[in-house]
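Student: Chain residues, written in single-letter form:
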Amino acid sequence: MVTQSPTIEAAPAAASRPTLSLESGPDRALHVVLAGAWRLQAGVPDSSTAVRAVAERSPQRVVLDAAALSAWDGSVLALAARLAEACAARGIPLDRSGLPTGALHLLDRAERPPERVAPAPAPRAGLVARIGARAMRAGRAAADYLAFIGDLVLALGRVVSGRGYTRRQDVLLQLQICGAQSLGIVTLVSFLVGAILAFVGAVELRVFGAEIYVANLVGVGVVRELGALMTAFVIAGRTGAAFAAELGSMRVSQELDALATLGIPATELLVAPRVLALTLMLPLLTVYADFVGVFGGGLVAVGMLDMSPQLYAAQTIGAVTAVHLGGGLAKAAVYGLLVAAAGCRHGLRSGKSAAAVGEAATRAVVSGLVEVIAACGLFAVIFFELGW
Amino acid sequence: MSDAPVEIAVDNLTIGYGSYVVLGGLSFEVRHGDVFVIMGGSGSGKSTLLRQLMGLEEPLGGDIRHRGLSLTHGTPEERLQITRRFGVLFQSGALWSSMTLEENVMLPIVELGGLPAGDARTLARLKLALVGLKGFEHLYPSELSGGMQKRAALARAIALDPQLLFLDEPSAGLDPPTSRRIDDLILELRESLDVTVVIVTHELSSILRIGTSGILIDAASRSIVARGNPRELRRQSHDARVLDFLGGDGKEAA
Numbered sequence: 141m142v143t144q145s146p147t148i149e150a151a152p153a154a155a156s157r158p159t160l161s162l163e164s165g166p167d168r169a170l171h172v173v174l175a176g177a178w179r180l181q182a183g184v185p186d187s188s189t190a191v192r193a194v195a196e197r198s199p200q201r202v203v204l205d206a207a208a209l210s211a212w213d214g215s216v217l218a219l220a221a222r223l224a225e226a227c228a229a230r231g232i233p234l235d236r237s238g239l240p241t242g243a244l245h246l247l248d249r250a251e252r253p254p255e256r257v258a259p260a261p262a263p264r265a266g267l268v269a270r271i272g273a274r275a276m277r278a279g280r281a282a283a284d285y286l287a288f289i290g291d292l293v294l295a296l297g298r299v300v301s302g303r304g305y306t307r308r309q310d311v312l313l314q315l316q317i318c319g320a321q322s323l324g325i326v327t328l329v330s331f332l333v334g335a336i337l338a339f340v341g342a343v344e345l346r347v348f349g350a351e352i353y354v355a356n357l358v359g360v361g362v363v364r365e366l367g368a369l370m371t372a373f374v375i376a377g378r379t380g381a382a383f384a385a386e387l388g389s390m391r392v393s394q395e396l397d398a399l400a401t402l403g404i405p406a407t408e409l410l411v412a413p414r415v416l417a418l419t420l421m422l423p424l425l426t427v428y429a430d431f432v433g434v435f436g437g438g439l440v441a442v443g444m445l446d447m448s449p450q451l452y453a454a455q456t457i458g459a460v461t462a463v464h465l466g467g468g469l470a471k472a473a474v475y476g477l478l479v480a481a482a483g484c485r486h487g488l489r490s491g492k493s494a495a496a497v498g499e500a501a502t503r504a505v506v507s508g509l510v511e512v513i514a515a516c517g518l519f520a521v522i523f524f525e526l527g528w
Numbered sequence: 018m019s020d021a022p023v024e025i026a027v028d029n030l031t032i033g034y035g036s037y038v039v040l041g042g043l044s045f046e047v048r049h050g051d052v053f054v055i056m057g058g059s060g061s062g063k064s065t066l067l068r069q070l071m072g073l074e075e076p077l078g079g080d081i082r083h084r085g086l087s088l089t090h091g092t093p094e095e096r097l098q099i100t101r102r103f104g105v106l107f108q109s110g111a112l113w114s115s116m117t118l119e120e121n122v123m124l125p126i127v128e129l130g131g132l133p134a135g136d137a138r139t140l141a142r143l144k145l146a147l148v149g150l151k152g153f154e155h156l157y158p159s160e161l162s163g164g165m166q167k168r169a170a171l172a173r174a175i176a177l178d179p180q181l182l183f184l185d186e187p188s189a190g191l192d193p194p195t196s197r198r199i200d201d202l203i204l205e206l207r208e209s210l211d212v213t214v215v216i217v218t219h220e221l222s223s224i225l226r227i228g229t230s231g232i233l234i235d236a237a238s239r240s241i242v243a244r245g246n247p248r249e250l251r252r253q254s255h256d257a258r259v260l261d262f263l264g265g266d267g268k269e270a271a
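Each protein sequence line maps, in turn, to chains S and X. Read left to right, the first sequence gives residues 141 to 528 (the working numbering). Read left to right, the second sequence gives residues 18 to 271 (the working numbering).
Derived by calculation from the structure, the hints in this document are not laboratory data. A few of these clues could be false.
[Said to hold, decoys possible] Straight-line distance between alpha carbons at most 20 Å, and here's what the computed DMTMM-like set of lysine to aspartate or glutamate pairs gives:
1) X:Lys151 - X:Glu120
2) X:Lys151 - S:Asp248
3) S:Lys492 - S:Glu395
4) X:Lys151 - X:Asp201
5) X:Lys151 - S:Glu251
6) S:Lys492 - S:Asp397
7) X:Lys151 - S:Glu255
8) X:Lys151 - X:Asp192
9) X:Lys151 - X:Glu75
10) X:Lys151 - S:Glu225
11) S:Lys492 - S:Glu386
12) S:Lys492 - S:Asp284
13) S:Lys492 - X:Glu205
All chains should be modelled from the sequences, with the hints used to inform the complete structure.
Tutor: Written out as structure tokens, the structure is:
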């Protein structure tokens, strides 16, 4: 079946070098002479030479002479269009009848008036108007944030009371994605945080002969603050961004519109399972991260300070209280809620392009991190006031 | 059969996913200057076949040769040499959303066309004007209707005056007058710039108006059930599947 055919190398009709020359004709005419094979990708002369000549010589008329063209494509059209612009700007007639018939047809087609007129670009607003517009955008964003929180609270209320559209299998799937599938990265980060904390502590506490308190430092530091915080950071980067990208893509493909036309709130079907899953799973991940962090610190303590594993364990158990553990887990639940809400909020509000989805994912991560840090600070103040 | 050189030779091609065969034993040729129409019902594998012809997917078996060079078994350099001759209009338009229409069309001209910036901009505007989007150059794809996005994508596909133009459902989402204008443009490009066109479409009027040859693929038999000029197939074929698709009542479409 396969027939012999010319190769790609043999395909071009002519390989002669493209040239552009300017000649003066009678009656002060400027002849723009094209010769050879004018092919894009093979390189063609710069049409600026001809355009400049029109400006400098102010000829009576310009004539395009393409009799010696052996091959042509859009590069000739570009030259003709630029010459037409230059001539029109100076009221000089352009004779392009010497172009190939096909080129003339295409140029005629391109010059037809469009069926619709494009909207003009908006003029640049003044400084005051720009400040006002930005303030109004900020106001709308704040209102939008509050509306989302309101929707989420109502959705969670309906879900908890069993009246929502949240599907059990969606919650289970999200629990798996947020939990089991995050264990690897949580293990790595928690182990390193525990080890680094122990290393820094060992260096400083050794000065005072208080190496034994490395266990206290790691235990309390990880269980009370860093376990939840680092897990939240990891999950914000991993899962929060994924929520935003997934929901943003659903907006692009009109899946969210399909839900809206059915009267099913996206906050119930899509957001609630994610928020519930992450709020439940982040404390569990934090417990796991606490153990791994303490273990990482223990390896450094045992390796660097010649502390026995039994002593490290006893010291840790003595230092870490139920309040530390409970406080850490309460923070983790709040961090999970904030990260999931930020991811879903930016996903739902995403634009309808690939760039917008990327931007939504970025915003979700940044918002998640900022909100987690702010909550961490708030918790510190509250715990201090409570004497914990 | 035309004596024009063979642009694409497909030999015993089998395409599918894993062990699932979508289409098998396909052999056909696209000749220079053809407007070659891949016809078939929904889900018959037309777009998948088009992606194979463009080298975007690997076949399960067989060979696709472009002007004698194998797209299937060629070296990366040979494949690049083949694909540089393509212009492609994807079904969804696939415009780059972070760029204006002018930038979308300019990108291939600047990066691959070797034109100076001034000429590249002029050419990009001209290509947009060819598809009726004069004055819309500064807009982003998201600011356009679906039909206008499709037209802008066609302008990008013809930016470098490709020798082979692949069009996946170019008329989908367009009103009949715009669809006819796109058909006219395809015919004009073929005449003016000697372009060979491979097109997947459901639009019967387009098929009969611009198609010079083609194949009809059938999902049930997973193979080609008819080949030739669509108008002649419509007039002459007695195959129920052909008549069902092309509506063989002996009348020419407008």
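Student: Could you run down the list of hints and mark each one as holding or not?
Tutor: Hint check results:
{"no.": "1", "hint": "X:Lys151 - X:Glu120", "in the structure": "holds (14 Å)"}
{"no.": "2", "hint": "X:Lys151 - S:Asp248", "in the structure": "holds (13 Å)"}
{"no.": "3", "hint": "S:Lys492 - S:Glu395", "in the structure": "holds (12 Å)"}
{"no.": "4", "hint": "X:Lys151 - X:Asp201", "in the structure": "holds (17 Å)"}
{"no.": "5", "hint": "X:Lys151 - S:Glu251", "in the structure": "holds (9 Å)"}
{"no.": "6", "hint": "S:Lys492 - S:Asp397", "in the structure": "holds (12 Å)"}
{"no.": "7", "hint": "X:Lys151 - S:Glu255", "in the structure": "holds (9 Å)"}
{"no.": "8", "hint": "X:Lys151 - X:Asp192", "in the structure": "holds (19 Å)"}
{"no.": "9", "hint": "X:Lys151 - X:Glu75", "in the structure": "violated (39 Å)"}
{"no.": "10", "hint": "X:Lys151 - S:Glu225", "in the structure": "holds (15 Å)"}
{"no.": "11", "hint": "S:Lys492 - S:Glu386", "in the structure": "holds (12 Å)"}
{"no.": "12", "hint": "S:Lys492 - S:Asp284", "in the structure": "holds (18 Å)"}
{"no.": "13", "hint": "S:Lys492 - X:Glu205", "in the structure": "violated (34 Å)"}
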